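Listed here are the chains, written in short residue letters.
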Amino acid sequence: MGARNSIVLFFFMLFALSSASSRHKNKYKPCKHLVLYFHETVYNGTNAADATSAIVAAPQGANLTILAPQNYFGNIVIFNDPITLDNNIHSKPVGRAQGFYLYDTKDTITAWFGFSFILNSTDYQGSINFIGPNPVFEKTRDISVVGGSGDFFMHRGVATLRSDAFEGKYFFRLRVDIKFYECW
Amino acid sequence: MGARNSIVLFFFMLFALSSASSRHKNKYKPCKHLVLYFHETVYNGTNAADATSAIVAAPQGANLTILAPQNYFGNIVIFNDPITLDNNIHSKPVGRAQGFYLYDTKDTITAWFGFSFILNSTDYQGSINFIGPNPVFEKTRDISVVGGSGDFFMHRGVATLRSDAFEGKYFFRLRVDIKFYECW
Amino acid sequence: MGARNSIVLFFFMLFALSSASSRHKNKYKPCKHLVLYFHETVYNGTNAADATSAIVAAPQGANLTILAPQNYFGNIVIFNDPITLDNNIHSKPVGRAQGFYLYDTKDTITAWFGFSFILNSTDYQGSINFIGPNPVFEKTRDISVVGGSGDFFMHRGVATLRSDAFEGKYFFRLRVDIKFYECW
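Residue numbers (this note's numbering), protein chains in the order written: chain A, 8 to 191; chain B, 8 to 191; chain C, 8 to 191.
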């Protein structure tokens, strides 16, 4: 092999190494792609009319109207949040995000989600089921799409979560970028 | 194209549109199919001997022996229910349904389930794992079969839930029609 | 068919029947295989510094610092446990096991798990998502691997749990043998 080819090979290997962590995103093309937002207001004892979620479990010594003291560790929250096509909470909802999450770290905020999107719009009818971890302070977090019904019958994929907004501790909005890699 | 062919095409398209929502049910044939029932008696403070489930979490102000006031919103229930081949609670059980559900809507009753069937009969040995939403008042609700063990190793599919019986607030029976589309 | 062939066929069928329950383990070869351990210390009211998990829900009459009286039935535990490559709790962690389990049987100890492994080592970067039943006293228990991210993008498989150690009621170690059968 000549010197030139060796150099080409060296740069090729360097590139291969540097792109290893993102190789899957490049390699596979989704068969379906959705971007949606959901908006959550946690019940804090005084906002019953607006709240879309509630703390229903807490560790010893904590209560159900104040997020637990160690980065919310030990709280379980049940939610039923409006889903919209853009990041405007006043846009017409296209469905509901229903399920739960729990906070599972004492020294930072990470959550674990199990929930469904129930979509009911002109474009999509059906449900999408998700589970996975949500380390809140990372820029993007990937959870699993494990199945669905209606237009999402038997689908699998990956949903990338981004924090689109926070207002205090009791309101947040998530951007959910859903890429299906198995469509039926 | 002649007039006759145009008319045929028109009706064909009409048919295609009208059947779009149920197209998946027609298109795919299950590789395995099971119909099972499970029977649940929720603990209400006085039925400890018969109860097969218990409320273990509740929203602020509610307790663990009375379903929460706003359509049970905020309750988490852990269950371990007998599974039978028909809708008779006295039939010999073929296994147990084990896991949890949570109620996630204030103005109607919808639940979100995460559970397993542990089957132990002459016909089937193994577990089936489910997650998904259960909007109780819809005639049928589809949840995801995300995996299994034993005879259901790596299987995926869809389970259609139907409310087979209600007796008051603390007893219900679900009919579960499980269609596997990925068998191994 | 001669008598000899009939006998051969008979033994072949007998063998086929006897090996039915383990046929999947022999038939399929994993595309990726990991063995990991995780170590859990449940909060018992006095071990806050060491605890890696906490009881956050309990049935009526029980509390959050003592496992519930009927084989822990009705407890939900949130955990965030170190993962190691061997069964030594002092080994360098390669990640964290984060999620929850619930106890769902009154007359023996069985749990239902929903959690993720978040791996961060030189060998593996990414998350693995699990759900399934864990009947604690069986030698091995198979749960489902339903998806993942990073190096485990879209993976599916089966994880076999074994109790590697118990110390009293509030410490245990699980050995997790993960076999992926769908790699991407």
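Please keep in mind that the hints were generated in silico from the structure rather than gathered at the bench. Here the structure is a predicted model, which is why all the values come from computation and not from measurement. Worth double-checking, as some hints may not be accurate.
Same chains, same label: a pair holds when it works inside one copy or across any pair of copies.
[Unchecked claim] Result set (SDA-like, lysine to any residue): computed pairs, CA atoms no more than 25 Å apart in a straight line: (1) K176 with Y35; (2) K146 with N127; (3) K176 with N54; (4) K176 with I73; (5) K113 with K176.
Checked hints:
{"no.": "1", "hint": "K176 with Y35", "in the structure": "neither (37 Å within a copy, 46 Å between copies)"}
{"no.": "2", "hint": "K146 with N127", "in the structure": "between (29 Å within a copy, 17 Å between copies)"}
{"no.": "3", "hint": "K176 with N54", "in the structure": "within (13 Å within a copy, 28 Å between copies)"}
{"no.": "4", "hint": "K176 with I73", "in the structure": "within (10 Å within a copy, 30 Å between copies)"}
{"no.": "5", "hint": "K113 with K176", "in the structure": "both (16 Å within a copy, 22 Å between copies)"}
Going through the hint list in order, the structure does not satisfy hint 1, though it satisfies all others.
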